[in-house]
Amino acid sequence: MARIGVFICHCGENISATVDCPKVSEVAAKFPGVAFSTDYKYMCSDPGQSLVVNAIKEHKLTGIVVSACSPRMHEPTFRRACAEGGLNPYQCEMANIREHCSWVHEKGDKTDQKAIDIVRMMVEKVKRNNALLPIKVPVTKTALVIGGGVAGIQAALDIANAGHKVIMVERDPSIGGHMSQLSETFPTLDCSQCILTPRMVEVAQNPNIKLYTYAEIESVEGFVGNFNVKIRKKAKSVDETLCNGCGMCTTKCPNKKNPNEFELGMGNRPAIYVPFPQAVPNIPVIDKTQCTYYKNGKCKICEKVCQPKAIRFDQEDEIIEVAVGAIALCTGFDIKKTDFFPEYGYGKYKDIIDGLQFERLASASGPTSGEIRRPSDGQVPKKIVFVACAGSRDPAKGIEYCSKICCMYTAKHAILYKHKVHDGQAYIFYMDIRAAGKNYDEFTRRAIEEDQAQYIRGRVSRIYERDGKLIVVGADTLMNAQTVEIEADMVVLATAGVANKGAEELAQKLHVSYDQHKFFSEAHPKLKPVETNTAGIYLAGACQSPKDIPESVAAASGVAGKIACLFANSELTREPLIAMVDRQAPPMYSSCTGCFLCQPVCPYNAIEREEVKDRNGNLVRELAFINPGLCQGCGTCVAVCKSKSIDIEGYTNLQMYAEVDALLNS
Amino acid sequence: MSEFEPKIVAFVCNWCTYAGADLTGTSRIKYATNVRIVRFPCTGRIDYMLLTKAFASGADGIIVSGCHPNDCHYTSGNFHARRRWMVFKKLCDFMGIDTRRIVFSWVSAAEGVKWADIVNTTVEEVRKLGPYESYHKLSTQDILA
Amino acid sequence: MKLGFYPGCSLEGASREYNESVMAIAEKIGIELVSIPDWNCCGATAAHNLNKELSLSLPARNLALAEEAGLTELVVPCAACYSRFTMVQHELMHDEPLHKRVNEIIGKEYKGNLRILNVIQFIDEYVIDKLDENVKFEFNKKVACYYGCLLVRPNKVLKFDRTEDPQTMDIVMKKLGADAIDWAYKTECCGAGFSVSFTEAVARLSGNIVEDAVHRGAEAIIVACPMCHSNLDMRRKEIDKFNGKKSDIPVIYITQAIGVALGIDHKKLGLQRHFVPVNLKDFKPFVKKEIDVEKPQNMEVE
Amino acid sequence: MSNPHHTEDNTLAGKIKKNVGVSLVKCYQCGKCSAGCPVSGDMDYPPSLLIHKLQTGLPNHEEDVLRSKSIWYCLSCEMCIARCPMEVDIPPMMDYLRGESIRLNKANPAAKNIIKFHKAFLNSIKNTGRLYEMGLIVDYKMKSLNMMQDVTLAPTMLAKGKLKIFPEMIKNRKNIRQIFLNTINKQK
Ligand SMILES: Cc1cc2nc3c(=O)[nH]c(=O)nc-3n(C[C@H](O)[C@H](O)[C@H](O)COP(=O)(O)OP(=O)(O)OC[C@H]3O[C@@H](n4cnc5c(N)ncnc54)[C@H](O)[C@@H]3O)c2cc1C
Ligand SMILES: Cc1cc2nc3c(=O)[nH]c(=O)nc-3n(C[C@H](O)[C@H](O)[C@H](O)COP(=O)(O)OP(=O)(O)OC[C@H]3O[C@@H](n4cnc5c(N)ncnc54)[C@H](O)[C@@H]3O)c2cc1C
Ligand code: SF4
Ligand code: SF4
Ligand code: SF4
Ligand code: SF4
Ligand code: SF4
Ligand code: SF4
Ligand code: SF4
Ligand code: SF4
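Chains as they are written, first to last, in this note's numbering: chain H, 8 to 673; chain P, 7 to 151; chain X, 388 to 689; chain F, 191 to 378.
Pulled out of the complex, with its shape left as it was, chain H reads as follows:
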């Protein structure tokens, strides 16, 4: 006979302000099978939990229903309390009367009735709960880091230094990400390359890190502790084991006029190239779309000049399979290009550039060796306009969020500009200056007070070109919204930070969720900021939302800590809420008909064929068998099985039917 305990939580006033908790408790006490019912101010508090523990012991309860917040919040808490009271932890259910009731309805009878219904439903369910034992699975203590920007580099180094193996996969020929393109970095103005390059080299030299550049994720299977990953290593047309990075090939390649991606089109590179001088690894790749040999069969000059004979025109993509226990997603972000702005000329004016292009102009290793010169004619701009929030905070353009980093880098640009062009004047059109961080506001003040940046509060309406000048038309909203027209020599748009190319496909391969802007979603915005909803997959850096370097690095170290915790045990305990095909002794009796309709629907290939043999070893029949290590408990097989031979713990047929029955027959 079931003896169920019901605990109604007030959640301070969060529930009790709209739901009559004592009444619900009273009604619940009369439900068949309920042996004990009470209400309390904070069920999750220590006294609240003790109340549960004591009630289980005192009233010899066989199951409990905690009617409180969402099970997504406190189910583990009360399962623990349940276990402490001496019950199996899975004899506990939560009735969600906060998120699904008190917070979404007004006070009144209907709301009370709904709360009562929810409780009744869970009472009926919990009566049918089975005692379950947690499942243990082994953990492969190797981490996969996807993306080799500053976030990926930090995560990889931290994990490797904790003594675990790391595999890093980077899409480009070199690691470094966007930080390697920056000139100097706010809020301290250290040289980006100077602080990043040593870390890049550390990655290459750390014996615990295996680096695959020019590589992408092909597929991911498995689950926390046991992922199987296929990596596609794209053909570089260069044998990495032979190449010594001498650079003869790149200097001698006659095909030099290809737009340089690293310089954002503001320079050229040969068909065989290393993206930038400090690249890690320092091994060139041939761009097959541009190489003369790949295009029309002639040339091969690089092959001739390469002394170690490292050029391999017939090299093919390689698929590498690895087993890893955890994955860190660090694929970063990108920024909108200037052609995104109709009112600023659809990208047709050469001297309207984006922030990254300005970083390259300001960088000592950039196309102008650090002199600020405009792309059209190489002149030094004497009047320069920076446009903040270009595309950000602009629902009409589909980007309603603030890109967070651009206020700061625009102030930085104004400072760098003034340091390089002493008689130049910088104007910044802005809406708000968002500089919340340690020493950040001080930094923007410095741009204004020391480096004479003129901040004009208003959005630019239009930019057009006339007689070699860019006419920037804005309004000054602090001056009666009067029109301000500036004849500029160059304009820098602080374009919106957006999700990286391919983020959506990658998320789908990994089964992690992402928001409407294709940024990856964290499991909880406050309390699980570096976890994803998929166990064993973590995220760090700008792939989550635009982030600056300190934040990206902090998150990356957070991820490394999480992964080190995961790797601290050789076994992982998993929730036993998985599916099973029914089996009854004696030998292998089952209602399973062996139709195997269930097999193809399982997303994790968890359903296997089990052979039933007679004494003589002859095959009698085949039955479905679910591998408990692989099943993730989605329940799809349960729904397709026509003979109802599969059931899933936590959501058994009996439980679900009982719930539906209980809901409405009031």
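Just so you know, these hints were derived from the structure itself, not from any lab. Watch out, some of these pointers could steer you wrong.
Stated by the list, open to error - One-sided excerpt, in silico: chain H residues whose CB lies under 10 Å from chain X:
| # | residue |
| --- | --- |
| 1 | Gly352 |
| 2 | Tyr471 |
| 3 | Ile478 |
Note that CB positions come from ideal geometry on N, CA and C, so glycine has one too.
Mind docking chains P, X and F with the ligands on chain H? Use the hints.
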């Protein structure tokens, strides 16, 4: 007579719509009280016989909601759910079950507002259709009563 | 081939030459334009400045009459009328109660089955393909194509070309052999219907337009709207006064430009009616050139 | 989304929201509209400032708006809405404000001619079904008493064949009068 209050049952997946409905709560967005939510691990788990069961036990309308296509926590559960629903719908039409009373939708964990909208519109639509008496009457209890 | 036609008041009066040139090229390529029987004025800015329902009803009556007459496509050369018609159709089709009310007011039923074309769309769909075989002269002039506001805004409703830096007229003119320049005032407002009541503003706004076109070396401004035309042409005295210098750049309708290239008599195109004299001479015989007529990528049109 | 618990918004901004569906709370005062507006220099309050005055909901600011020149100088050119990041639809708001300004007898004196021109224009349509330009000019001059304006324009137009001496009349003028009676003339 007071207005007819339809009884709506929502079959939702744990990862997207259940979390979306949680978000509706955390955002304090108000909606009609008529709905009762049943949590499933995935829409793929939903056995459509449960829909007829729900009608039999007095539901006037049903919402089935899970992750958006390609966003299923288990990759493809929601596709299988859709596919089976196509088949089941034909069966329903054949059996004379009013499929206008079954609303399919996608609500992600980020769509708290959408969840409230879906509940409210479903309640209004079903209110227009009236109580599903023709079905309820056939449920065993009534026949025996 | 028959298409519906709404001339609108200005084409019957102050902008006769626009009407004449539309008719002339339509005739040349064998399209019959059928006017809506007993059409009325669309109300223009005045109506929607003063009364919303009136501003919906006046155009709606025309649309209903066109439907009654069995027309399915309606060419509306005046950009102002075109804008009013398209906006009204959009509003009525998206607001059921309003639609009902307007039908009651006009005492007719507009169902919403008309396709409304402005003159450039008309050219794009029905004229362009016939140009190569019919064009006699190459329009070898530097031209500034001026779109104004009503042809391209609001983009969400009109869904025609891109809002900033539109290209359709430029493409037509390039096909005729012209050099369509890149300039800054393509879609800036000329002062629209304020010609009489707020002349100073019109002089300034149109003045800036003329000045930029001249500054960049254009030999003609090409327009597709009678209001633009009358502001830029008939207000030239005020414009020159505002700019402090005399300008003789002619303002011609795109239909006149096509007519000229087709070899139609200039009188028949009404070129003599302009305030700023039009002296378009020295045309070379037309040689078909492959020009890059790719529509620009960034079209915001769905 | 407005919160059902809030009391009804009786400010002018609230009425704009209710009557023309334009939500002024969305405007975050970026000034892009004012920067692009071709006549913002003629206006006493450029569009963004006009909106800000309404956002405050204070009677003196609302009064300023209804008595402003701005609402009459707006050309309905749609430049503002074409570029507004928050899609605040200013032209219909202007239409509504003009209506209110006339209704409450608060129209700015500078708008006199503009209103007279519009009225003369509509008169022509009401009488003939179409715009009779010659009549319009005469009517407008009578109304505005601005006899000398454009004295040279009309003769040149006549000479170029651009002005008709006699009005065109549509057949079903009754229908047109009906439309006027059901709309604008209903107000009185
Ligand atoms: C103009 C500008 C100026 C800035 N200035 C500063 C500053 O002064 N100070 C500051 O703190 N921050 C600054 N930032 C921000 C800084 O660039 C970011 O914080 C930082 O780059 C984020 O690092 P990340 O590793 O997360 O991403 P990224 O730097 O974007 O690196 C991501 C890496 O992942 C790789 N990748 C992407 N997709 C895949 C895939 N599918 N498979 C494998 N690899 C993949 C990429 O190739 C790249 O190497 C600036 C940003 C911009 C745009
Ligand atoms: C008015 C207000 C509203 C806020 N609202 C939000 C919000 O809505 N959302 C949000 O995300 N954040 C909010 N915050 C910020 C949030 O409170 C902080 O982010 C968070 O509390 C920081 O946590 P902490 O652990 O670092 O520090 P604290 O919360 O300050 O905790 C520090 C602890 O250390 C103890 N301690 C201090 N010194 C010693 C010592 N010498 N030895 C031993 N123990 C010591 C203290 O007693 C305290 O318990 C708000 C902050 C304020 C002030
Ligand atoms: S258990 Fe949940 S509902 Fe109760 S007090 Fe804790 S958080 Fe609030
Ligand atoms: S020449 Fe050969 S060894 Fe030298 S960088 Fe090129 S591929 Fe490497
Ligand atoms: S073969 Fe290709 S990469 Fe090598 S030198 Fe020639 S063009 Fe350059
Ligand atoms: S960080 Fe500053 S510039 Fe960038 S979007 Fe936010 S407010 Fe605009
Ligand atoms: S669907 Fe059911 S009966 Fe068919 S093989 Fe799978 S478990 Fe057995
Ligand atoms: S519940 Fe069934 S379908 Fe889902 S993972 Fe487990 S075995 Fe596969
Ligand atoms: S452009 Fe839009 S958001 Fe900006 S001030 Fe004008 S109305 Fe407000
Ligand atoms: S519609 Fe009116 S307010 Fe808007 S830009 Fe044009 S003139 Fe200015």
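Okay, which hints does this one fail, numbers in order?
Those not satisfied: there are none.
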